[in-house]
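There are 4 protein chains.
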Amino acid sequence: MAPAVNNKLTGLVAATFTPFTTQGEINLSEIGPYIDYLKEKQGVNSIFVNGTTGESMSLSVAERRDLAEEWCRKAKGKMDQVIVHVGCMSLKDSQELARHAAQIGADGIAVISPSFFKPSTADALRTFLHEVSSVAPNLPFFYYHIPSVTGVNILARDILEDVWELIPSFKGVKFSGSDLMDFGQCVSYCQTHWSVLYGVDEQLLAALVMGADGAVGSTYNYLGCHASELMSAFEKGNIVQARTIQFKMQELLSYAKKLGFDLGVNKQLMNELSGLCLGPPRLPVMQCPMSEALTIAKKYRSLFTEC
Amino acid sequence: MAPAVNNKLTGLVAATFTPFTTQGEINLSEIGPYIDYLKEKQGVNSIFVNGTTGESMSLSVAERRDLAEEWCRKAKGKMDQVIVHVGCMSLKDSQELARHAAQIGADGIAVISPSFFKPSTADALRTFLHEVSSVAPNLPFFYYHIPSVTGVNILARDILEDVWELIPSFKGVKFSGSDLMDFGQCVSYCQTHWSVLYGVDEQLLAALVMGADGAVGSTYNYLGCHASELMSAFEKGNIVQARTIQFKMQELLSYAKKLGFDLGVNKQLMNELSGLCLGPPRLPVMQCPMSEALTIAKKYRSLFTEC
Amino acid sequence: MAPAVNNKLTGLVAATFTPFTTQGEINLSEIGPYIDYLKEKQGVNSIFVNGTTGESMSLSVAERRDLAEEWCRKAKGKMDQVIVHVGCMSLKDSQELARHAAQIGADGIAVISPSFFKPSTADALRTFLHEVSSVAPNLPFFYYHIPSVTGVNILARDILEDVWELIPSFKGVKFSGSDLMDFGQCVSYCQTHWSVLYGVDEQLLAALVMGADGAVGSTYNYLGCHASELMSAFEKGNIVQARTIQFKMQELLSYAKKLGFDLGVNKQLMNELSGLCLGPPRLPVMQCPMSEALTIAKKYRSLFTEC
Amino acid sequence: MAPAVNNKLTGLVAATFTPFTTQGEINLSEIGPYIDYLKEKQGVNSIFVNGTTGESMSLSVAERRDLAEEWCRKAKGKMDQVIVHVGCMSLKDSQELARHAAQIGADGIAVISPSFFKPSTADALRTFLHEVSSVAPNLPFFYYHIPSVTGVNILARDILEDVWELIPSFKGVKFSGSDLMDFGQCVSYCQTHWSVLYGVDEQLLAALVMGADGAVGSTYNYLGCHASELMSAFEKGNIVQARTIQFKMQELLSYAKKLGFDLGVNKQLMNELSGLCLGPPRLPVMQCPMSEALTIAKKYRSLFTEC
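Protein chains in written order, with this note's numbering: chain A, 1 to 307; chain B, 1 to 307; chain C, 1 to 307; chain D, 1 to 307.
Treat the hints loosely; a few may be bogus.
Identical chains blur together in the list; that is why a pair holds if it fits in one copy or across any two.
Unchecked claim - Straight line, CA to CA, 25 Å or less: simulated PhoX-like cross-link-like pairs of lysine-lysine: (1) Lys257 / Lys118; (2) Lys258 / Lys298; (3) Lys258 / Lys118; (4) Lys248 / Lys39; (5) Lys8 / Lys74; (6) Lys8 / Lys298; (7) Lys118 / Lys298; (8) Lys257 / Lys39; (9) Lys236 / Lys298; (10) Lys298 / Lys257; (11) Lys236 / Lys257; (12) Lys118 / Lys248; (13) Lys41 / Lys299; (14) Lys258 / Lys76; (15) Lys8 / Lys258; (16) Lys41 / Lys248; (17) Lys258 / Lys41; (18) Lys74 / Lys248; (19) Lys39 / Lys299; (20) Lys78 / Lys248.
Hint data in this document are derived by calculation from the structure and do not stem from the laboratory.
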């Protein structure tokens, strides 16, 4: 992997699924093929591992370590950057994973807000983030903002306030929310070498126009090439083309949502579209009936050509 | 006013405040000057009256009739279009106002979802909207979508499904929400002579890139010329300039929100910036302390030149 | 009706449905039989009219006046008290209805919080309530607290603070919420001649043990005699018997909720159980399929003997 | 400890705080004195450890093991029952802790719903609970229901449906919610050797009248003797006395809530009232200013005599 400290993270980043065996144990052997698939079929050059899509909160700390290690090892020479999500409900666990990420040569770490006990103020959350970053002070640090999942309604912009003093390794935000005033204020405030990455795939174009540096999401696992096309159309000023692609992504995801789109369905859809064997999700996420994934895959194929 | 049936509503639309006397009665005499101010100072050519900004739900039906009539009368020859919001909790009241709007020559009517009893399905809301439209079948009809206020979480796109069969006078949506997948799906589905207007001013640019035909909002009462500049920069492909203006709007509104920005503050800010005498809001909206409006006005002046 | 000013409102109060014709117009002729049914079959001696169950927010002001007048006229000599709910989104409308209630000899008025514009503080809501009460200063005044419907999360106890200074005619609270700390604090703070009435029928027993003076609810339209039995069992210290009845009420309502229990279903169930012709609900509440009401009625009959 | 399998858990159960050193490490040495305090000063005979009050989600699995072990060891011969909460976001971690609880001689285990990934149906949650119970099949199993914290709005009653077939070791519910219809339906459905324990301390009396077998809560750490008095007054049929105590508890907790009552304040209040050294909370819960705890302690002393 490239020396991340000098490398601004941009473009498309796939939030990876965690491969499981059919018995529900983590399946490290599928990581190599997964990386090849992302690079070769989807044109994706950076990954965000052990995040929400990766079911990190359903993993033990030991499993997260093993997975992170394998992702970093197999990505070497293939991916530009591997960002390891180390957020946990417990500060202790996050710190352990942050230290570990530094040892295994991750390009950066990301931390979500704890959500069982919710920080009551921006200051509480900032202090939590600081405590994690401080055990891996040389690793680029990203704040992972996803209020609809955490229920923590603190503005991302309030986390950023003078954050370089608190977290000198700060490098950006993965912003998975629909409040684009907050998002715009983050873009406006950010230093040029930071990255503001957007995480609501179905409205990526809106974030691009607000100044997003890139995108991190689960659908880029199978919509990577199309999302890349959207991004380059936008960069070239071809709004109509970018919008057309975005609308197709929306049509797919609207369709899936009507059928009940959750992480279990998403994972099964990925299995179907990629040919990889990522297995079922882990409880409390339920495995979806194959028919449901097939129905969505059919819709996918009616909208998109193969990458 | 122009013959609206053939005229697609586009561009900037100000959602007007309702002028009150200091005693809290509606003040029709301020409507003429208000229209002149919007046209001359803000470059706004269409208005949306008796909506949320207009405190319609705090008005009696008789007051809404008087106001609508005066808005239409004074706008004649000055404004392109006057859209009268006729949505009420009671279908009966909405129908009365819709009939009245037809009589006074409004260019269109808009209807919000009832929100005390919330429609439980798209079908229930569609039937409600149909019943209102049917008493004024020749008036262009707009659905007013604002889920954060109504608490009605029905997708706008689901309202649009084959809506021309149900409401032949259907002409568009005022979409005041942050779900841009739903918004994009509305744009994608809409007929070309319909208007998809966006109503979250602080992220207007995001809606433009998704294909909005225009915008309806309260801040265009005092940010009209700047929002127009944003829109034309976007149309010319000057994203950076459009973004710069959007960020300044966001900075103003973020600042106001930290101080506690509600309709009472917004109205007082408008009084301060416009020089009009729109009076206090009506209960349960409380009048804001003058100092608060002045502080925000000062911020406004630090960010924007006068229109 | 008895001189309400000296009469504390206690016991069971039915929140009445509004009778409609099959064409959806208000049907005053059914009010007389409805009152006889409540008194003779259900043993209910007081009514709360034009409330949530009465679909007041779906009625015009004129309809509410006509209904209130007929309820008061027909209740004379039969009911102990008729409380007319006069709460509206618009203060003007509420004041008109409050004045009218005084003219027609209502025993009291009740006011809900406006919920389109939500009061931002207890003070804002208190001021609103004060403005309504002040036009009918001799009518006993009740605050109607139902946060799950209004979305106004102001503690009822905060409304009560020194309320006699603000509203000298204050007589009590209809508390339709599940926060029994707030409820208990209301009971604890209330003057002895005030009434604290509970409005979540399925957990009435919990409110009784906390000191409720009575209950107002829609299910007392058809569970009146059983709820009376529950209340007298509780008063006699027969907790086990009271609980047994409460559990049966819960079983009925849980069952109904699983099938989708809303006001439309509730009204149709009432039609089926009472034999009255109260008609369909008004939009946006949808009429329920007869089969659904019949299924619930069957459950009712399996649990309860006829009153 | 008594042989729990035959012992129904009833009465008052303290949800214990986790003792930390001032440096934020777990402090096992304070557990012995804590147990003595609970037994001698508060008259509490059972404890629920590593639950919400115990900040379990902020602990590592290793810390939770160490704590559980020490609680069980020190409680031997002093407490009737020690219930170890083993719920985690990760099924793997929960299973590890359940196995461990069996080894250390816990009297029972309790499991909360995972809340980062929320089970989408009762069936998903039931399957999760089953998977935990199955690794410690001889340990009495309690479902811990606290929807306001988890955001999982599945009825507890739906978890209970035929639960003995799924979890033969099932012994009851810790119900920390305000939906007393659901609570009542649990009581009504439960087998006689199961326990339905209530967890919203400020409305305990409401649960008792609905048939609660006991109570689990954090305030019983310092209100234990008073809550016991409430419970025995209720059992003797002295509702007025029980209500008087409940109202004092409500007055204290209302007062604390106005000041901003969270786990950090609660823990500091406990330090002040008990004289124990339980230390600060762990991030993201912030330590409260001493003055705030002292203010609440003063209120406590104005309402209650020392136990």
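These are the hints, each one checked on the structure:
no.	hint	verdict
1	Lys257 / Lys118	between (28 Å within a copy, 17 Å between copies)
2	Lys258 / Lys298	within (15 Å within a copy, 34 Å between copies)
3	Lys258 / Lys118	between (30 Å within a copy, 19 Å between copies)
4	Lys248 / Lys39	within (23 Å within a copy, 39 Å between copies)
5	Lys8 / Lys74	within (21 Å within a copy, 54 Å between copies)
6	Lys8 / Lys298	neither (37 Å within a copy, 37 Å between copies)
7	Lys118 / Lys298	neither (40 Å within a copy, 28 Å between copies)
8	Lys257 / Lys39	neither (28 Å within a copy, 44 Å between copies)
9	Lys236 / Lys298	neither (31 Å within a copy, 39 Å between copies)
10	Lys298 / Lys257	within (15 Å within a copy, 36 Å between copies)
11	Lys236 / Lys257	neither (31 Å within a copy, 35 Å between copies)
12	Lys118 / Lys248	neither (36 Å within a copy, 29 Å between copies)
13	Lys41 / Lys299	within (19 Å within a copy, 50 Å between copies)
14	Lys258 / Lys76	neither (39 Å within a copy, 45 Å between copies)
15	Lys8 / Lys258	neither (37 Å within a copy, 32 Å between copies)
16	Lys41 / Lys248	within (19 Å within a copy, 41 Å between copies)
17	Lys258 / Lys41	neither (28 Å within a copy, 46 Å between copies)
18	Lys74 / Lys248	neither (33 Å within a copy, 44 Å between copies)
19	Lys39 / Lys299	within (24 Å within a copy, 48 Å between copies)
20	Lys78 / Lys248	neither (29 Å within a copy, 41 Å between copies)
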